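These protein sequence lines are chains B and C, in that order. Numbered per this note's numbering, the first sequence spans residues 3 to 235. Numbered per this note's numbering, the second sequence spans residues 3 to 235.
Treat the hints as calculated values from the structure; they're not laboratory data. In this text the structure is predicted, and so the values were computed from the model without any measurement. Watch out, some of these pointers could steer you wrong.
Intra- or inter-copy, both count: the list cannot distinguish identical chains.
Calculated lysine-lysine pairs in the DSBU-like style (CA-CA distance at most 35 Å, straight line) [what the hints assert, rightly or not]: (1) 35 <-> 219; (2) 58 <-> 219; (3) 234 <-> 111; (4) 181 <-> 18.
There are 2 protein chains.
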Amino acid sequence: MKKMIIASTSTVHGSKYLAYLLPTLKKHFTGVKELLFIPYARPSGISYDEYTAIAKKAFSEINIDVKGIHEFENAKEAVNNASAIFTGGGNTFELVNQLYKNDVLTTLKEVIENGTPYLGTSAGSNICGVNMKNTNDMPIVYPPSFTTLGCINFNINAHYLDPIEGSTHMGETRETRIKEFHVFNETPVLGLREGSWLEVDNDAVFLRGKLTARLFKRNEQPIELISGDLLKF
Amino acid sequence: MKKMIIASTSTVHGSKYLAYLLPTLKKHFTGVKELLFIPYARPSGISYDEYTAIAKKAFSEINIDVKGIHEFENAKEAVNNASAIFTGGGNTFELVNQLYKNDVLTTLKEVIENGTPYLGTSAGSNICGVNMKNTNDMPIVYPPSFTTLGCINFNINAHYLDPIEGSTHMGETRETRIKEFHVFNETPVLGLREGSWLEVDNDAVFLRGKLTARLFKRNEQPIELISGDLLKF
Numbered sequence: 003m004k005k006m007i008i009a010s011t012s013t014v015h016g017s018k019y020l021a022y023l024l025p026t027l028k029k030h031f032t033g034v035k036e037l038l039f040i041p042y043a044r045p046s047g048i049s050y051d052e053y054t055a056i057a058k059k060a061f062s063e064i065n066i067d068v069k070g071i072h073e074f075e076n077a078k079e080a081v082n083n084a085s086a087i088f089t090g091g092g093n094t095f096e097l098v099n100q101l102y103k104n105d106v107l108t109t110l111k112e113v114i115e116n117g118t119p120y121l122g123t124s125a126g127s128n129i130c131g132v133n134m135k136n137t138n139d140m141p142i143v144y145p146p147s148f149t150t151l152g153c154i155n156f157n158i159n160a161h162y163l164d165p166i167e168g169s170t171h172m173g174e175t176r177e178t179r180i181k182e183f184h185v186f187n188e189t190p191v192l193g194l195r196e197g198s199w200l201e202v203d204n205d206a207v208f209l210r211g212k213l214t215a216r217l218f219k220r221n222e223q224p225i226e227l228i229s230g231d232l233l234k235f
Numbered sequence: 003m004k005k006m007i008i009a010s011t012s013t014v015h016g017s018k019y020l021a022y023l024l025p026t027l028k029k030h031f032t033g034v035k036e037l038l039f040i041p042y043a044r045p046s047g048i049s050y051d052e053y054t055a056i057a058k059k060a061f062s063e064i065n066i067d068v069k070g071i072h073e074f075e076n077a078k079e080a081v082n083n084a085s086a087i088f089t090g091g092g093n094t095f096e097l098v099n100q101l102y103k104n105d106v107l108t109t110l111k112e113v114i115e116n117g118t119p120y121l122g123t124s125a126g127s128n129i130c131g132v133n134m135k136n137t138n139d140m141p142i143v144y145p146p147s148f149t150t151l152g153c154i155n156f157n158i159n160a161h162y163l164d165p166i167e168g169s170t171h172m173g174e175t176r177e178t179r180i181k182e183f184h185v186f187n188e189t190p191v192l193g194l195r196e197g198s199w200l201e202v203d204n205d206a207v208f209l210r211g212k213l214t215a216r217l218f219k220r221n222e223q224p225i226e227l228i229s230g231d232l233l234k235f
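Hey, can you work out the whole structure from these sequences and the hints?
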């Protein structure tokens, strides 16, 4: 009974926070009056309160109130009782670290699988996969494990970037990094460009947005998926 | 008695592997006939043998033979007996993972501190710092710890990249990522651009190469260090 939106980014260039997603979210969160926000990823290290205020402002446009998980005495109960959940972007290592520290990872997986509508952006999308091994983030903290929700049976590379033609930089391209991942791991990886998202309707996963997405499987040539495609593994 | 070269990259654009560093390495490794190569970082997942062959070819130009650590029965003994050591770039997570798995991290630290001349490039430079929390690499494996050699009392961000003016990409810049690191950590971070390296002469650390390097300290504005500068913390 999963109902998830898994977005590459919260914000597309030149647009307000979540603005490009609001029509989709209005439908996705039909009937929801209050949403539980998980601000653990703290982009640029902002406080939970500051981050929650940003989410609150965006959701006010579709008449949904937002409360941060840190405002509740018991984080696990807050997840269990939520009528909808949004995990924001930021640093995936710190997000996963806090999900373990607050012992909410398993509960979050359970409520999502039981139908609580979920939105993830960026780091909040990375955690929907089997593990966080395809994040682009800097490992600023050491989480107890890289294992994440596994609500989809592949991994997400958010903010997917194509190689820059003519670049003189010798650091690895995103594609090279994902290919390195497949030397050590079997899990397929979806490179989700900014402006793309996945719509999960139980076990059906659809690519949404205007762009194509790049799917990497071990020992196979990467392929481009087209918006509307059903992802099956 | 430390004697280290800590380079941002093995290769600068348009030049052969290690070519820009060879004059420096010739002096750095004076009297060395055979060098121990640590290929654990496996760039693009190439094999230890393939990677060692690449290092061997480069060092043949300055008449130094290269042997991979995997060619020895006992990795710890190999480190202890080496007259010089080079750790190549690739994936820092896998490099650190293997240093722990093969139980050579402490030994490597000891021999470096006792004067075995060392070269690190990219991932092999990241491990010279206090921890690997400023790597740009993808966390494709989960190492038992992020703690590294601590042969210098700050961290390295190799392949440092300045923000790209006019970019529409919403992923974090390198500077943003390092600032996020400083929300959670105190260790200074040196952003080392491609073509720059550090020369460590016991406790004196000098910036070398033509470029400036960007030094980040917690709660301070980042500053640009000039080639030849002595780094003191």
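Here's how the hints hold up against the structure:
Within a single copy, residue 35 and residue 219 get their C-alpha atoms no closer than 40 Å, and across copies no closer than 43 Å, so neither meets the 35 Å cut-off. Taking the shortest alpha-carbon separations for residue 58 and residue 219, only the inter-copy value of 33 Å comes in at or below 35 Å, while the best intra-copy value is 38 Å. For the identical chains of this complex, residue 234 and residue 111 are intra-copy neighbours only, at 20 Å inside a copy versus 48 Å across copies, given an alpha-carbon limit of 35 Å. When the C-alpha separation of residue 181 and residue 18 is checked against a cutoff of 35 Å, the pair qualifies both within a copy, at 34 Å, and between copies, at 23 Å.
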